[in-house]
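Assemble chain Y onto chain F, guided by the hints.
Just so you know, the protein sequences line up as chains F and Y, in that order.
Residue 16 is where the first sequence starts when you use my numbering, and the numbers rise one by one after that.
Residue 16 is where the second sequence starts when you use my numbering, and the numbers rise one by one after that.
Only true hints are included.
No copy labels: a pair is met if it fits in one copy or bridges any two.
Derived EDC-like pairs: lysine to aspartate or glutamate, alpha-carbon spacing no greater than 20 Å straight-line:
#  : residue 1 : residue 2
1  : K195      : D175
2  : K80       : D67
3  : K54       : D67
4  : K250      : E289
5  : K250      : D71
6  : K20       : D95
7  : K20       : E31
8  : K339      : E31
9  : K147      : D173
10 : K80       : D95
11 : K54       : D71
12 : K98       : D112
13 : K98       : D83
14 : K188      : E176
15 : K147      : E312
16 : K340      : D112
17 : K338      : D37
Quick caveat, the hints were computed from the structure, so don't treat them as lab data.
Bear in mind that the values here come from a model prediction, so they are computed numbers and not experimental data.
The chain contents come next:
Protein chains: 2
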Amino acid sequence: MPAPKDVLVLSKEEIESVITIDDAIEAVEEGFKAYNSGKAVIPFPVALQVPDHSGDVHIKPGYIKGYDTYTVKIASGFYDNPKVGLPASHGMLLLFDARTGYPLCIEVDRCYLTDLRTAAAGAVAARALAKKDISRVAVIGTGTQARMQITALSRVRDFDELVVWGRNPERVKEYIAAMKDSIDARIVPASTAEEAVSGSDIVVTATMATSPVVKASWLSEGVHITAMGSDSPEKQELESAVLGIADKIVVDSLKQCVNLGEVHHAIGDGTITEEDVHAELGEVLLGSKSGRESDREITVCDLTGIAVQDVVTSQIVYERALKKKIGSSIRV
Amino acid sequence: MPAPKDVLVLSKEEIESVITIDDAIEAVEEGFKAYNSGKAVIPFPVALQVPDHSGDVHIKPGYIKGYDTYTVKIASGFYDNPKVGLPASHGMLLLFDARTGYPLCIEVDRCYLTDLRTAAAGAVAARALAKKDISRVAVIGTGTQARMQITALSRVRDFDELVVWGRNPERVKEYIAAMKDSIDARIVPASTAEEAVSGSDIVVTATMATSPVVKASWLSEGVHITAMGSDSPEKQELESAVLGIADKIVVDSLKQCVNLGEVHHAIGDGTITEEDVHAELGEVLLGSKSGRESDREITVCDLTGIAVQDVVTSQIVYERALKKKIGSSIRV
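Chain F on its own, in the form it takes in the complex:
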C-alpha cells in the first residue's frame, strides 16, 4: 500500500493565470506535429447520453509518447442549464503520471482550455496556410469562440480591419465592444455575410450553423478560410462548393473530418472525395506536405478538435502551476 499522494487541483481562474494564448499556440502546434509523427495515442472518444436531462458528455483520453503525463478530458453540455441560469457546458481535465497511472492533477477548467486550444488551432492553421501579408479579416459568428479565434489570429498575423457578421445585430455590437481593446485593428460590422467575406484575406467561421453561411462565389483570390464551428455531423458552415473550388483542403484529423465537419458534408454530396483532402495540418507543420504555395491559392482548414490539443495544453498548465506553486492540493 503506497502512502497517500497529493493531487493538485486547479480552478478555472488559476488555469487562466498560468497559460497565455501564445503558450497555447506554440503547444498546439507541437501537438499537431506529434499527432502526425506517430507519437500520439488518441483513442476514439466515448460519448455518454443523459437523455432525460438533455445532456451529453464527451470523454477524450490522450497521450503523447515521452510526455510525463496523460490526460483524460471530461466535458459536458446540458442544454437545459441556461433555464436555471447555469452555463450549458462544464468540463475538467485529469492528468495522470504516465509512468504509474497515478493521478497528479485535476484541472477544473469549465471548458476554458477547450476554448483556448480550439482558438490556438485556428491560429496555427492560419500561420501555416494564410498569406503572410493580409489586410482584412472576416469573422462569422459573435460568440466566445469567435472572440478567442480573432485574438489568437492577431498573435500570428497583422491586419488592419476585422469585419464581423452575425445573425443578431445586438450581439455584433457586443462583439465589437468586447474586442476593440483586444486587437490592433479597426472592427466594423457587416450587414450580410457576403459583405464580410468579400474582399477578406482570412475568413474565420465560428458558428453553430447547421446550414451553410459562406458561399464559394463570395471568396477572393488567395483567401484562407478556417472553419471551426462544425464539431458534429449536423453542423455546416461552408457550402460544399467552397471545398470544391479550394486549391488546398487541410484538416486536423482526416478520420474525424470524414465523419463530421465541412469535409464530411462536401464528401457526402459528392463535391469532393476523401482524396481531395490535401493534408492533415500536422503534415504541413512537419513539412511532409506542402502548405500555401502562392498568394493566389484558396486554402481551407477544417478543424473538428482532437485530443492531442488537450494533452499539450493541460500538461503546460500543470507544469506552470507546479513551478508557480498555484492551486490547492488534496491528499487521496
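For chain Y alone, kept in the frame of chain F given last:
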C-alpha cells in the same frame, strides 16, 4: 458564471467506511435489473494505451435513467509499478450531477469499489442460480478477488466447507489464514484443482489464467460455477466443455461475453453458439428468463464486469458520505 461549487473528495479509507458488501450486493442486483430494463446508458468503454510504460487505462462511463448522478470510472494497470513497490492498479470514480453535468464527487477508490462490485456480482449470480442448500464451495485462485468473492458469497449462501486451490501453496496458506475469521466455514487446501472442484456445490474461479483450470469431467450434478477472472480476450478459466455440458449459461452482458470471457472461447472453438446462452443475469433477476429449475441442473455464470455496477455502487457511496458528512471538499 455560476458560483464556485464544492466537490466532495473521498479517499479509499473513507469509501470503505460507508459501504458494506451487503450494500454492494443489493445495489449490484438493482444495477443488473436496470441494465436489462432499458434504463441503463452504458456506452462502449474506451481504453488508452501507454505503451512506453506498460500501462493501460480503461474509462467506463455509465448512467441509469432517473438517477441523480452519472459516473465516469477511470482505472489503470501499470505493470512495471510493482518493481518500484507500487500496486499496478489505480483508479477513481467521478460523479456528476445528472441534471447539469456539474461535478459532485471524486471517489479515489484505488480500485476498491471495482473489487467490491465484482465480488458483489458473484454473490448476486450465486443467489440467483446456485442451489439453496449447499455444503461445499471451491475457490480457484488466492488473490484479493478470490477472498472478496467468498466473503460476498457467504452473505447469500451458508456452507460448511470451503476448498481452496491455487498454483502457489504458500499463497493458499496465506489465503486460509486471511479468511478464517471472515466466514463461518471450515477452510481446507486442495492439492489439485480437481480435488477442489469435485463434489463442490459452487465453484468460484478468480484467477488470471490464460488456459483452462476447470474441467467438465470434474463437475458434480447441480453445481453452480461463477467465472469472474476472465476480463480480457486472452484469459480463460473454464475449458469449453464446461459450457458445453452446462444446462444454463448466464452472462452479465452478452455483447461483452461474445468478445471476452469464457463464452467467447467456447463460441470460438465451436463448443457452443451465441444462442446457447440462456440469459443475461438481469433477465433472470427480473424474472423475464428462468433461473435454476432443479437441483440437478449445472449452471454457469460468466461475469466480465459492466459499468452499471460502478454506477450503483459509486452513487451509494456518495449518498452515504453526504449523510455521514465524511470526506473533504474542494471548491472549484
